[in-house]
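In the numbering used here, the protein residues as written are 1 to 682.
No lab work stands behind these hints, which were simulated from the structure alone. Don't be surprised by glycine CBs; every beta carbon is placed ideally from N, CA and C. There may be inaccurate statements among the hints.
[Said to hold, decoys possible] Taking lysine to aspartate or glutamate pairs in the EDC-like style, the calculated list, with each CA pair at most 16 Å apart, reads:
#: 1; residue 1: 507; residue 2: 545
#: 2; residue 1: 534; residue 2: 558
#: 3; residue 1: 507; residue 2: 496
#: 4; residue 1: 76; residue 2: 88
#: 5; residue 1: 310; residue 2: 441
#: 6; residue 1: 595; residue 2: 678
#: 7; residue 1: 534; residue 2: 556
#: 8; residue 1: 595; residue 2: 662
#: 9; residue 1: 76; residue 2: 86
#: 10; residue 1: 595; residue 2: 676
#: 11; residue 1: 534; residue 2: 521
#: 12; residue 1: 577; residue 2: 527
#: 13; residue 1: 577; residue 2: 496
#: 14; residue 1: 136; residue 2: 67
#: 15; residue 1: 310; residue 2: 345
#: 16; residue 1: 577; residue 2: 556
[Said to hold, decoys possible] Computed spacing ranges between beta-carbons, pair by pair:
#: 17; residue 1: 635; residue 2: 602; range: 13 to 21 Å
#: 18; residue 1: 532; residue 2: 447; range: 45 to 53 Å
#: 19; residue 1: 500; residue 2: 247; range: 55 to 63 Å
#: 20; residue 1: 639; residue 2: 53; range: 27 to 35 Å
#: 21; residue 1: 485; residue 2: 577; range: 19 to 27 Å
#: 22; residue 1: 53; residue 2: 101; range: 39 to 47 Å
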Amino acid sequence: MGKRVHALAVSGLFGAAALGAMAGAQAQAGTAGASLAQPAANVLAASVPARITNEAGSVHYIVTFADAAAQRYSAKAVSDPRFGADHDGRVMRLLHEVEAAHRIAATHAYSHTLQGFAAYLTVQQVEALRRDPRIKAVAANVPIESSASAVWSDVAVGASTLPWGVQAVGGSSTSNGGATVYVVDSGIGNHPDVAVSARWNAPGACAIGTYPHSTFVAGIIAARNDTVGVTGVNAGVKLVSLAYGDNQCAAQSKTLANAIAALDEAKRRIRIGGRVAVVNLSSNFEMPTATTPGTPLAPAFMQSVRSLIKPDPATGYPGAFFVQSAGNKYKDACQWSFNDRLPSDGAMVVGAIDNNGQPVQPLNGEGGFNAGDPRFGPEPGSNFGPCVDAWAPGKRIVSTWMNGTAPTYISSSGTSWAAPHVAALAARLIETTPTLRTPAEVENAVRARLVSGGALTQGQPLRSASLTGAAYSARPTVEFKIGSLPSGPTPPVFGDAPTPALVGSGKFFLRYDAIGAQSCDVRSYVDGNLVEQKLGQAPVFTWGELTRGVGLHRWDVDCRAANGATNSASASARVVKAAPAPVVVFSIDGVPTVKGVRRFIPTTQAFTLSYAAAGASSCNVLAYRTAPDGWLGPWFESPNQPAAYSWTGLRLTVATHRWRVECKTSNPSYPIISAEQEIDGY
Numbered sequence: 001m002g003k004r005v006h007a008l009a010v011s012g013l014f015g016a017a018a019l020g021a022m023a024g025a026q027a028q029a030g031t032a033g034a035s036l037a038q039p040a041a042n043v044l045a046a047s048v049p050a051r052i053t054n055e056a057g058s059v060h061y062i063v064t065f066a067d068a069a070a071q072r073y074s075a076k077a078v079s080d081p082r083f084g085a086d087h088d089g090r091v092m093r094l095l096h097e098v099e100a101a102h103r104i105a106a107t108h109a110y111s112h113t114l115q116g117f118a119a120y121l122t123v124q125q126v127e128a129l130r131r132d133p134r135i136k137a138v139a140a141n142v143p144i145e146s147s148a149s150a151v152w153s154d155v156a157v158g159a160s161t162l163p164w165g166v167q168a169v170g171g172s173s174t175s176n177g178g179a180t181v182y183v184v185d186s187g188i189g190n191h192p193d194v195a196v197s198a199r200w201n202a203p204g205a206c207a208i209g210t211y212p213h214s215t216f217v218a219g220i221i222a223a224r225n226d227t228v229g230v231t232g233v234n235a236g237v238k239l240v241s242l243a244y245g246d247n248q249c250a251a252q253s254k255t256l257a258n259a260i261a262a263l264d265e266a267k268r269r270i271r272i273g274g275r276v277a278v279v280n281l282s283s284n285f286e287m288p289t290a291t292t293p294g295t296p297l298a299p300a301f302m303q304s305v306r307s308l309i310k311p312d313p314a315t316g317y318p319g320a321f322f323v324q325s326a327g328n329k330y331k332d333a334c335q336w337s338f339n340d341r342l343p344s345d346g347a348m349v350v351g352a353i354d355n356n357g358q359p360v361q362p363l364n365g366e367g368g369f370n371a372g373d374p375r376f377g378p379e380p381g382s383n384f385g386p387c388v389d390a391w392a393p394g395k396r397i398v399s400t401w402m403n404g405t406a407p408t409y410i411s412s413s414g415t416s417w418a419a420p421h422v423a424a425l426a427a428r429l430i431e432t433t434p435t436l437r438t439p440a441e442v443e444n445a446v447r448a449r450l451v452s453g454g455a456l457t458q459g460q461p462l463r464s465a466s467l468t469g470a471a472y473s474a475r476p477t478v479e480f481k482i483g484s485l486p487s488g489p490t491p492p493v494f495g496d497a498p499t500p501a502l503v504g505s506g507k508f509f510l511r512y513d514a515i516g517a518q519s520c521d522v523r524s525y526v527d528g529n530l531v532e533q534k535l536g537q538a539p540v541f542t543w544g545e546l547t548r549g550v551g552l553h554r555w556d557v558d559c560r561a562a563n564g565a566t567n568s569a570s571a572s573a574r575v576v577k578a579a580p581a582p583v584v585v586f587s588i589d590g591v592p593t594v595k596g597v598r599r600f601i602p603t604t605q606a607f608t609l610s611y612a613a614a615g616a617s618s619c620n621v622l623a624y625r626t627a628p629d630g631w632l633g634p635w636f637e638s639p640n641q642p643a644a645y646s647w648t649g650l651r652l653t654v655a656t657h658r659w660r661v662e663c664k665t666s667n668p669s670y671p672i673i674s675a676e677q678e679i680d681g682y
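Produce the complete structure using the sequences and hints provided.
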């Protein structure tokens, strides 16, 4: 009816960027190209997340009411200072009765996306609630995770940057004001490149968390199209920040219970506005299907999302198009995201591509996502499989960030950054296409703009989002790993600073990996001269530990995809001539002695004995001589002596005398050098 439309982005809850704290998850990434997807049975065998408890030891649960349990109560609004007067009066009356009957105190109330509550419960209360016919399900609350040569490259526009991801999806236009984006996350920071029109926070959460995940998401969606910073996909679109929590601002606030509360609030606001919404959930948590007692369950989340999506003509609720990140585990996304998998159901799960148009996956045996936030390590790669509906930019994305309270910009990676690209694209479509009135229509409009560049994911064509539907040709992603340097498109020379210089006997590791390639040509050079060439090689190869002679060694690999597109990478190692080993030299009366040769000096003769150790910092001197019983025993010891010293006017007794010098050097190849000199007096 000509009404304006909202675009809701619910970001950062469960499967965020390469920023989520899962540094060890990539340790078993395996060789590139091998699927790391686990069968469902193996996924379900994963460890159960730690329970959320209060000081008394009670566990936090999410409780949903039976479908018709609240119908017999009055719908008149009930004012509850804990939850306000905006909830359905019938649900609140039922909640109050259940609280009184079971002697519990709810921490959250839900009446929009689902009917129920959350509370800390004892074992006895859980058992009693599960026997109560008014209760549909009782499931433990769980912590949630925040889940960031080429086809596209970042482009400088004056003092501003047009990120490659914005180019890939055909964004950067300025919003016409016809949509609102709700960002459900840690709370958008006060960043000058991102405008926030309203804020809300879940129980126990702060309006702006210390983790700037939400700020990064907001920049991808709506960063201003001006001369500074970065530009968003739908620049300047209206943003509403719905904060679900941050462990650093409130312990245990970042949980599924708060996430559902945020979705519940989003639906309330959308119903009031009366405009279809786009809901983007850029986070993930494990979605087990087992019903073993004590296992965290997903029904409350799934019910909440389905309610958020589905229009309700009776109440005037317009429905919402739902977008979620696929997750960063490099596993089956069906276990980590919304998984109804129905055609035109108003929901899409988004995987991450790199700027070559290839899916982000482990590369050279390491995680495909490199964290931009120094608090977190790399993650394996984008989840995949039949639950992934679309792909969008998610590797080395530049967006808005907060360094404490100081606004800044960083590059980061993860499927958290892929989802808001699609959410912003959908918001743009709603703004420019008034006929899009239902979630299914919005989804179909997005799907009509999915394009294939020839890349594959698990053997199936990968289709990425593009507002213009412009064709592109995906290129292989090719990288080397050399020595201790992680994989990268242009690694520095191994053996140049900051890595130590290599010597002829030094060993180093070498490997290349290519995603999306069918074959590769490999050439090696020494000091610029071609010494070896192998054509038509596999897209991944490991030399292992190498030793090379003196010179600058370079390896080039050129790889081809099935669509004919090519890409290349290089690695170099500088090998230098080994420096001669430093030595300690003894001298008698200024004449250097021959190593290992014993000298004989009369007891009547005075002489000078000296040692010199070039490049040493200090020396320990030990001396021995034969005792009357004929055994060689200690004579004296002088630690921490200078690198050169002389004993003048020295006279010997009739005995064998031995001097030993052990000196420290700064040469890592020869940290300790030593020498001995033996002299007999007669």
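Status of the hints after comparison with the structure:
no.	hint	verdict
1	507 x 545	holds (6 Å)
2	534 x 558	holds (11 Å)
3	507 x 496	holds (15 Å)
4	76 x 88	holds (8 Å)
5	310 x 441	holds (12 Å)
6	595 x 678	holds (10 Å)
7	534 x 556	holds (11 Å)
8	595 x 662	holds (15 Å)
9	76 x 86	holds (11 Å)
10	595 x 676	holds (8 Å)
11	534 x 521	holds (6 Å)
12	577 x 527	holds (14 Å)
13	577 x 496	holds (14 Å)
14	136 x 67	holds (8 Å)
15	310 x 345	holds (9 Å)
16	577 x 556	violated (24 Å)
17	635 x 602: 13 to 21 Å	holds (19 Å)
18	532 x 447: 45 to 53 Å	holds (48 Å)
19	500 x 247: 55 to 63 Å	violated (40 Å)
20	639 x 53: 27 to 35 Å	violated (58 Å)
21	485 x 577: 19 to 27 Å	holds (23 Å)
22	53 x 101: 39 to 47 Å	violated (23 Å)
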